[in-house]
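Chains as they are written, first to last, in our numbering: chain A, 1 to 555; chain B, 1001 to 1449.
It should be emphasised that the hints constitute simulated quantities derived from the structure, not laboratory data. Small disclaimer: the values here were computed from a predicted structure and weren't measured. Any given hint could turn out to be false.
[Stated by the list, open to error] Taking lysine-lysine pairs in the DSS-like style, the calculated list, with each CA pair at most 27 Å apart, reads:
{"hint": "1", "chain 1": "A", "residue 1": "K471", "chain 2": "A", "residue 2": "K304"}
{"hint": "2", "chain 1": "B", "residue 1": "K1361", "chain 2": "B", "residue 2": "K1080"}
{"hint": "3", "chain 1": "B", "residue 1": "K1121", "chain 2": "B", "residue 2": "K1250"}
{"hint": "4", "chain 1": "B", "residue 1": "K1227", "chain 2": "A", "residue 2": "K333"}
{"hint": "5", "chain 1": "A", "residue 1": "K69", "chain 2": "B", "residue 2": "K1102"}
{"hint": "6", "chain 1": "B", "residue 1": "K1227", "chain 2": "A", "residue 2": "K160"}
{"hint": "7", "chain 1": "B", "residue 1": "K1188", "chain 2": "A", "residue 2": "K383"}
{"hint": "8", "chain 1": "B", "residue 1": "K1227", "chain 2": "A", "residue 2": "K498"}
{"hint": "9", "chain 1": "B", "residue 1": "K1250", "chain 2": "B", "residue 2": "K1227"}
{"hint": "10", "chain 1": "B", "residue 1": "K1259", "chain 2": "B", "residue 2": "K1403"}
{"hint": "11", "chain 1": "B", "residue 1": "K1068", "chain 2": "A", "residue 2": "K58"}
{"hint": "12", "chain 1": "A", "residue 1": "K114", "chain 2": "A", "residue 2": "K69"}
{"hint": "13", "chain 1": "B", "residue 1": "K1313", "chain 2": "A", "residue 2": "K279"}
{"hint": "14", "chain 1": "B", "residue 1": "K1080", "chain 2": "B", "residue 2": "K1102"}
{"hint": "15", "chain 1": "B", "residue 1": "K1068", "chain 2": "A", "residue 2": "K69"}
{"hint": "16", "chain 1": "A", "residue 1": "K114", "chain 2": "A", "residue 2": "K304"}
{"hint": "17", "chain 1": "B", "residue 1": "K1080", "chain 2": "B", "residue 2": "K1432"}
{"hint": "18", "chain 1": "A", "residue 1": "K58", "chain 2": "B", "residue 2": "K1403"}
{"hint": "19", "chain 1": "B", "residue 1": "K1259", "chain 2": "A", "residue 2": "K279"}
{"hint": "20", "chain 1": "B", "residue 1": "K1269", "chain 2": "A", "residue 2": "K148"}
{"hint": "21", "chain 1": "A", "residue 1": "K69", "chain 2": "B", "residue 2": "K1227"}
{"hint": "22", "chain 1": "B", "residue 1": "K1068", "chain 2": "B", "residue 2": "K1403"}
{"hint": "23", "chain 1": "B", "residue 1": "K1313", "chain 2": "A", "residue 2": "K160"}
{"hint": "24", "chain 1": "B", "residue 1": "K1332", "chain 2": "A", "residue 2": "K498"}
{"hint": "25", "chain 1": "A", "residue 1": "K333", "chain 2": "A", "residue 2": "K383"}
{"hint": "26", "chain 1": "A", "residue 1": "K279", "chain 2": "B", "residue 2": "K1269"}
{"hint": "27", "chain 1": "B", "residue 1": "K1102", "chain 2": "A", "residue 2": "K383"}
{"hint": "28", "chain 1": "A", "residue 1": "K160", "chain 2": "A", "residue 2": "K114"}
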Amino acid sequence: MRLLGFSAIVALAVSIVGVVGCGKSDEPQSSGGPIVVRRLTQEQYQTIIADIFGADIKIGGRFEPDLRKSGLLAVGASEVSVTPAGFEQYDSMARGAAAQIVDERHRDMLIGCKPASPKAPDEACAKSFYSTVGRLLYRRPLTGEELKAQLAIANAAATKLGNFYTGLAMGLTGMVEAPQFLFRREVAEADPDHAGQQRLNAFSKATRLSFFLWNTTPDDELLTAAESGDLNSSRGTAKQVDRMMASPRLTAGARAFFNDMMAFDAFADLSKDTVIYPKFTNAVIADAQEQTLRTITDHLLAAKGDYRDLFTTRKTFMTPLLGTIYRVPVETKEGWEAHEFAADDPRAGLLTQISFLSLHSTPGRSSPTIRGKALREVLLCQKVPDPPGNVNFNLVQDTKNPQFRTARARLGAHATQATCVGCHRLIDPMGLGLEQFDSLGEYRAAENGAPIDASGELDGVKFTDAASLGKALHDNPATPSCLVNRLYAYAAGRPAGKGEAEWIKYLDTSFAANGYRLPDLMRRIVTSDAFYRITAPETATLSVNTAATLKESAQ
Amino acid sequence: MSNIARINRRTILRGMMGGTAVGVGIPLLDCMLNTNGTALASGAPLPVRFGTWFWGCGLNPGRWIPEKAGAGYDMPAEIKVLAPFRDRLSVFSGFKAMVDGKPAVVHYTGSMSILTGTAPKDMQSVEAPTFDTFVADAIGSATRFRSLELAATGNPRDSNSRRSSSVINPAEGSPLGFYTRLFGPDFKDPNAADFTPDPAVMVRQSVLSAVTDQRQDILAGLGATDKVRMDQYFTSVRQLEQQLALQLQKPAPLEACTKPGEPSWKETKENTQIDIVTANHKLMAGLMAQALACDQTRVFNVAFSDATSSLRKAGSTVTHHQLTHEEPIDEKLGYQPEATFFVDQIMEGFLTMLTALDSVKEGDGTLLDHTLLLAHSECSYAKVHSLETLPMFIAGRAGGRIKSGLHIAGNGDSVTRIGLTVQQALGLPINKWGTGSMETSKTVGEIMA
């Protein structure tokens, strides 16, 4: 049965890893935060169905757009609901999946029992199926009421339609479109170790752990640890964390986080002019994202590298298709191969990868402003103020003007205006550092025949080109602290609250002390008490780098 | 007699459709109507429909506002293309959005002011539901879909129909997806001879009612905000239950309804290219007209382009939006010719929508006559993001509930006067609407029938 296979594979991966988060004595007090109710993302929904029922169950349908809040879809997930059009799609996806699960090809493998007659209800078989999958779908055992309601549907449907399997599928449809599945609702309980305080209950804790580390529903072993109460102890938690962090699924979890932080969902709506950029295809978009995610997970998880080195590393991975844009030879005929750019190559670090360069450009040309804004907002967690409403662009931005042939020249003229200079000074200099790469991310030394000057400065640190911009980003203190903030908000489903300021500062310090290693940071978060501490709802949020402070610091 | 006529009509239509979605006007036979042509013979009045049609980046000052007020107004260059519909099209000029000290959020404040009556505080906030959702709740509950949203740009996020900051009715971006949703296996042809209720639909209803039965348990213990979110979820479930209930009833025959053929359409990554957007929109407009004629919905929202118009010509490095800011004004012409190319294309798109609605004959007129279509942008002069004199049009007569073919000069009044007027015309029981300086109880009396 597939759903047992899933946990069996994971169980094999158990190993003991050094426990960083064991000594909690130095952990500062934290208020914790409110419980959150998160809608599953598209990727989570798909992964869960594949984990429970197998990857060959096709999910046809479109998901409602996710919402990005505080830089993350994972935070927006705590704010979204389901519209009528969205529910229609959930219904259609649930029916489609359920029909496949009970079809002749899958039923024996996935249902785990056979009805006395395929043409009539069989309560015992339906009960065993719903209890098993229901626990994985709802991330806790079904209540007696829930199971009763499921069986009532299955029985009535099987009777009406004269088919056990159709009846079973109808009940399953209801579970896959139920709020208990679509929304991860957390539940708090009194913390017996800290009088007067609240913590997540064991199932909610298992769910947070599993979605953070693996981006999917808790597996059988984790749920068992929740059921037995093991997960309520530091020891029990550490044991599960060790197991989960040693699993190859940690890569999927880390990819999901960076996919969100880097805003790769925007690729779905990205459009490029294929007359100007004939190499821009869906295959390139897919490879470009994969390249970045591979670079990140290889460096942070496999090599246990320093997070900041992602912005300077010359190591990456290539496909033949990407090779045509990076203009490097790729030996492999299909799939991926490791590649290292030469020390004098203009490319170094994530900023010079196609994913960043093409995602933050207009359809027809590169944009230092958009790229600079993305660098500030995505990688430094700073909010760039919106442009004023009455901007006068009269002076500039005519690409045919022989006086202003490069973007630097055009923006320079624009930035002489007092209303514009404040913000453009924050975003253009670093964007201009990437001007040697066009809207697709291909290298160019000149624009309209004029050589491109890629020098500039980032928060007072001068650079001469994209590679040294990467170095400046590497050395910027906001770079690792942004990662800490995003990672915590991603895991908690909300930005850190005011009462968590000390705790976040502590994470910053320990991240630095451990050489900016992501796995250590993740472990520190999930083995802490602070992560599971719950306060009354609706606390004010801590703003890390507000527009106001950013503007002040630039003046 | 009527049976024979119907067979002939439908046979002809099948031949004419030829596999694409085109609204074809066929006169309704007199015997199907009551004596004055405003209702079906069954006695049910022809339904009134409401739609919005949105485009980004406004129009050019001095090139669209008629000089003459009232009926028989002149049609300056940018709206000249709409001349065939002048008598059923009202132009609103001089109505503005007022922000009351809030920031004028570029490419957003204008549309949200028109649709919610309240200026947003930032790019992501929706301070009140857009009023199409009120209209949908009032007139859309008897149809299969309470409302339908479309984006010719293919991007589901290009939808102005919002119940809150986090409940945005997603737009359908694919003509084929839209076709399947409407006319796929769940479509019940109102003119089909036979009707058998599907037992599987009854079972599906019971599945959904088991979900909604848990509402109280699910809502218990949640904070106020999460309660609202979960309640929205249950509202959505109930709407699907209602859709299924309709599938179990034999639909009343609708002479104007013809199931169109599947559109031939190819998905592309170039959803901002003007010729592709125009083609998508044309298919969508035809399908929408049929959806309305078949009474699948009575409320619809169409976005021709996004607010920061990313329309562009094939092979061009710049978008419409960039051009509005960056293109120099041609001294001889007095406007930005490249940017204005897109304005002309957009108004052609509006014409396509009007033509699609008008080509479905219904009762003594056309579908357009039974529709109130509000077309608007999010700014007037995009170059400076002006919120003065936001371009707005109302097409159709809403089944005689409004007068049409007028130019109304607002003289600096709030845009909310139009929203209030539309809501009242469609029978909503409100007498004032909007907040702050935009609160108004003054309708545009000239267009009230």
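So, going through the hints one by one against the coordinates:
1. Distance hint between A/K471 and A/K304 is fulfilled; the C-alpha atoms sit about 19 Å from each other, no more than 27 Å.
2. Distance hint between B/K1361 and B/K1080 is fulfilled; the C-alpha atoms sit about 25 Å from each other, no more than 27 Å.
3. At roughly 48 Å between alpha-carbon atoms, B/K1121 and B/K1250 are farther apart than 27 Å, so this suggested pair is violated.
4. Taken as a hint, the B/K1227 and A/K333 pair is broken in the structure, with Cα atoms around 54 Å apart against an allowance of 27 Å.
5. As the CA atoms of A/K69 and B/K1102 are separated by approximately 21 Å, the hinted pair is consistent with the 27 Å bound.
6. For the given pair, B/K1227 sits about 35 Å from A/K160 by alpha-carbon distance, which is inconsistent with the 27 Å threshold.
7. Restraint check: the Cα-Cα separation between B/K1188 and A/K383 comes to about 51 Å, which exceeds 27 Å; the hinted pair is violated.
8. Proposed proximity of B/K1227 and A/K498 is supported: the alpha carbons are some 24 Å apart, at most 27 Å.
9. Distance restraint check for B/K1250 and B/K1227: the Cα-Cα separation of roughly 37 Å exceeds the 27 Å cut-off, and the hinted pair is therefore not satisfied.
10. Of the pairs offered as hints, the one joining B/K1259 and B/K1403 is violated, with about 31 Å between alpha carbons and a cut-off of 27 Å exceeded.
11. Taking the CA atoms of B/K1068 and A/K58, the gap is about 60 Å. The hint is violated against a cut of 27 Å.
12. For the suggested pair A/K114 and A/K69, the alpha carbons sit about 47 Å apart, so the restraint of at most 27 Å is broken.
13. The straight-line distance between the Cα atoms of B/K1313 and A/K279 is roughly 18 Å, inside the 27 Å bound, and the hint therefore holds.
14. Between B/K1080 and B/K1102, the direct Cα distance comes to roughly 36 Å. Violation of the 27 Å bound is thereby established for this hinted pair.
15. A threshold of 27 Å between alpha carbons decides the hint, and for B/K1068 with A/K69 the separation of about 47 Å lies outside it, so the pair is violated.
16. For the given pair, A/K114 sits about 48 Å from A/K304 by alpha-carbon distance, which is inconsistent with the 27 Å threshold.
17. Taken as a hint, the B/K1080 and B/K1432 pair is broken in the structure, with Cα atoms around 34 Å apart against an allowance of 27 Å.
18. Restraint check for A/K58 and B/K1403: the C-alpha separation of about 52 Å exceeds 27 Å, so the hint is violated.
19. For the suggested pair B/K1259 and A/K279, the alpha carbons sit about 40 Å apart, so the restraint of at most 27 Å is broken.
20. Taken as a hint, the B/K1269 and A/K148 pair is broken in the structure, with Cα atoms around 48 Å apart against an allowance of 27 Å.
21. Proximity of A/K69 to B/K1227 is assessed by CA-CA distance (about 19 Å); at most 27 Å being required, the pair is judged to hold.
22. Of the pairs offered as hints, the one joining B/K1068 and B/K1403 holds, with about 17 Å between alpha carbons and a cut-off of 27 Å not exceeded.
23. Between B/K1313 and A/K160 the alpha-carbon distance is near 57 Å, which puts this suggested pair outside the 27 Å criterion.
24. Between B/K1332 and A/K498, the direct Cα distance comes to roughly 59 Å. Violation of the 27 Å bound is thereby established for this hinted pair.
25. For the proposed pair A/K333 and A/K383, the alpha carbon gap of about 43 Å is over 27 Å, so the pair is violated.
26. A threshold of 27 Å between alpha carbons decides the hint, and for A/K279 with B/K1269 the separation of about 13 Å falls inside it, so the pair holds.
27. Between B/K1102 and A/K383 the alpha-carbon distance is near 18 Å, which keeps this suggested pair within the 27 Å criterion.
28. With a C-alpha separation of about 19 Å, the suggested pair A/K160 and A/K114 falls inside the 27 Å cut-off, and the hint holds.
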